[in-house]
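A.B. asks: Those sequence lines, one after another, are chains A and B.
Note that the first sequence covers residues 1 to 622 in the numbering used here.
Note that the second sequence covers residues 1001 to 1302 in the numbering used here.
Check the hints yourself; a few may be wrong.
Claimed, not checked - Examples of chain B residues toward chain A, derived with CB under 8 Å:
1) Leu1070
2) Glu1257
3) Gly1264
Unchecked claim - Derived coverage of chain A by chain B (criterion: at least 3 residues anywhere in the stretch with Cβ under 8 Å from a Cβ of chain B; other residues may be distant):
4) 75 to 81
5) 260 to 270
6) 399 to 406
What the hints assert, rightly or not - Here are some chain A residues pointing at chain B (derived, C-beta under 8 Å):
7) Ala99
8) Pro101
9) Asp257
10) Pro419
11) Asp445
12) Ala490
Note that these hints are calculated values from the structure, not bench results.
Idealized CB from N, CA, C, for every residue including glycine.
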Amino acid sequence: MSTHVHGRGPKGPRSRPRTVRLVATAGAAALVFSAGLATPLDPAPRQAAAADGDKVLTVAVAQSVDSLSPFLASRLLSTSIHRLTYEYLTNYDPKDAHAVPGLATKWESSPDKLTWTYTIRSNSKWSDGQRATAEDAAWTFTKMMTDEGAATANGSFVANFEKVTAPSPTQLVIKLKKPQATMTALDVPIVPKHVWEKVGDFSEFNNDKKFPIVGNGPFVLTDYKADSYVRLKANKGFWRGAPKFDELVFRYYKDQDAAVAALRKGEVSFVAGQPALTPAQAASLKNADDIKVNDAPGRRFYAIATNPGAKARNGQKFGDGHPSLLDQRVRHALFMAVDRKTIIDKVFQGHAVEGQGYIPPRFSQYFFKPSASQELAYDPEQAAALLDRAGYRKNSAGERLGKDGRPITYRVLCHATDPNDKAVGQYLKEWWGKLGIGVRLDCLDNVSDPWLAGTYDLAFDGWSVNPDPDFVLSIHTCAALPATPKDTGATDNFICDKRYDDLYARQLAEYDPAKRAAIVQQMESRLYDLGYMNVMAYPNAVEAYRTDQIKSIRTMPSGAGNIYGQDGYWSWWSAVPADSGGSSDDSSSTGVVIGGAVGAAVLVGAGLFFAMRRRATADDRE
Amino acid sequence: MTTETAASPRALAWQRRRHSAARFWKQYRTHRAGLFGLATLALFALLALTAPLTVGSDVQSVTRAPGQPLESPSGEFPLGTDRFGRSLLGLLIWGARVSLLVGLLAAVLSVAIGAFIGITAGHFRGRYATVIMRITDWFLVMPTLVLAIALATVMSRSLGTIVLAIGVTTWPTTARLVRAQTLAVESRPYIERAKALGGGHGHIMSRHVLPNVMPLVLAQTTLIISSAILAEATLAFLGLGDPTVVSWGGLLQDAREAGAVSAGDWWYLVPPGIAIAVVALAFTLCGRAVESVLNPRLGVAR
């Protein structure tokens, strides 16, 4: 569920399994200490440059690649790589995220808005020398419409498509069944037909066997080793201009502290804010030389999701969510007992914004703020009164009883790999404890099994939001529910509400941006009132890079924006290498000293221990 | 007639026990390291038992945390504060309760399993013993930590899970030791006599073998506690413990997750680390001393 908390795919289903996390954590101890111990012996910073003097930009990442096939990938890292290696029809402007030309240079729609004609650029070439044409785009879309395996990641974009044709190499025509507002925000990588038509089963093919992978983006994927590295080479012939760095490497650091240590030593140029740097890490890096911390409003929300009684499209109910949560007053009471301000101050220590509506304030036109009368402000007394009114009263022991007469204890699903989940969970336990409600924090490495089975009461949830909010809105519609309890739907937490669905259909068909935004805000209002998805905070993107290796890099939006996980390829494409190339940071950092000290203490302790043991048992030995 | 001759068999037994306890203590006192370990343990046990009076259970509360997150040591917070602003000194003392409790329970569970399997395997021999000892061998060669991680992962996160995970993975050494001792005891003539007088399996195992392997079991328990405490800390550090329970390993895990290592917030990391090392060392010292007092000829290799 990496997107869940560890940043979700900018689109795509909640990427589920948090694979290999356990192994990662297991290695953490070793990593932390070895990182600490290695430095005093190895003070010279290893500049992240290849031997032949190529300028290499190394980025420390933690998230595993789910698939390198654009038809399957949904995680943030994988989709970012696809942004870098394939062109999409359109791109987002780095300043304000309006649609700008990508593979298409311009686009227009018929008066009834059902036929869209894109002009495809003639100066985009695949890395194997062939020209990228409208035929490639038409083939890509058609494949997604006809092959269910190819519709896994981005199928929602083509669900409304009737026919896609390429009358000429520079012209692409898409016919729609119904109007669709996302036609200039089709986040679908266009793949080369001559390579991909040889692929057999799209649901199995991961595009990770033959390198380099043929693409036409600013970078070409040249090598990949799972959970080790992803290597990309600059595409010198890229139509918008070649990137300034010669090579871009995503290197894996499963432990964030190890990544920070690598940044201090100059082994990596950039630490991805996914998961975000902790407040302590950010504070210590701010004082370090040649390191810049980028703390920008994020595009994610962080919420408590409530199990609304999981059900499938065929009406079959499953899972075992607590029945009291079906009462809207209970859900409201629970959220009113959550002090959002404390979460911002203590857990995020200011690196987040207090939660309101579903979409973060960064997307100002869609941002929704509940009115004074509907707002569920922090008010524990009111919450207790609301529970009393709903018929959930306390017994003599101070425990609130469910309708079955048993004390209520909620199972809260949390990601074992997310420190924020555990921290907020401890607050919830105490806040709800005051209401007389017990909390059992189920922290799992892989939350998808109970999540998909609906065997939880509440859960920590979070999604990255795109400039076009269609996708994050679609995951709460009834249509996103799984077909049967056995299937996996695109749904987030089984919300199915008629009024919300009607609004969803209206916004999708609304071409006027202002009117559409108004409908989206109504949807958020409805979601807020339902109380199934309670947004606590909008966490910032907190990331850091070495200024002696990266001279400049573009954020998105340009004012205060993130660098890693942008909606376009602007950051890595625009990064300018610093001239010096050398790193001056050879003093070992405080963290390293501590690591060394702890290591030494352990060694001394062990030595002492063995020495004493030998003495103590001297008479036992022959 | 002195009181001694008038004493009942029960009083005699008690007297004998008192004497042997005194003898034990006299010999134990000669082991300086053992005394040092015992004193350390007493100190920690005292701290843990009096924790509700000295620091109070409020110290765990995140909503009533007195300080700011990650404050460095000061007069108010001698060991600084954690990521919630709770006093780390208080948490360290409170965490001792969980670490010691889990260590004790896990060791008792492990030794109980080991003793049961060892005695039955030594007593019954034959096919049963062969099968049981092969299972023991299998557990012996399995990496304990990996097995414990696997167990802790599939079960729900709670203290019971940790106790179980450690207990069921560390018993094979005890089983082997106890079986060897059982074989030695059962070859003595009085066992044969007991059998001739009609002693059944249960009687022989519980009345004759068990008292004779008890010293071994006791020493083994003391030794295993230290590794159980380390294992608990390891599992908690790997994030497999209950996140709402304060333990030393859990504190280390919190520190790592808060980024205290790279931020250089040493007060979050060093005290729990040292506490774990010291308590594990103290138990080992005690265990070795007990072992050499109870059975100087045994020379058990770990």
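A.B. asks: Now tell me, hint by hint, if it's right for this structure.
C.D. replies: Against the structure, the hints come out as follows:
no.	hint	result
1	Leu1070	holds (6 Å)
2	Glu1257	holds (4 Å)
3	Gly1264	holds (3 Å)
4	75 to 81	violated (count 0)
5	260 to 270	holds (count 3)
6	399 to 406	violated (count 0)
7	Ala99	violated (38 Å)
8	Pro101	violated (41 Å)
9	Asp257	holds (5 Å)
10	Pro419	holds (4 Å)
11	Asp445	holds (7 Å)
12	Ala490	violated (28 Å)
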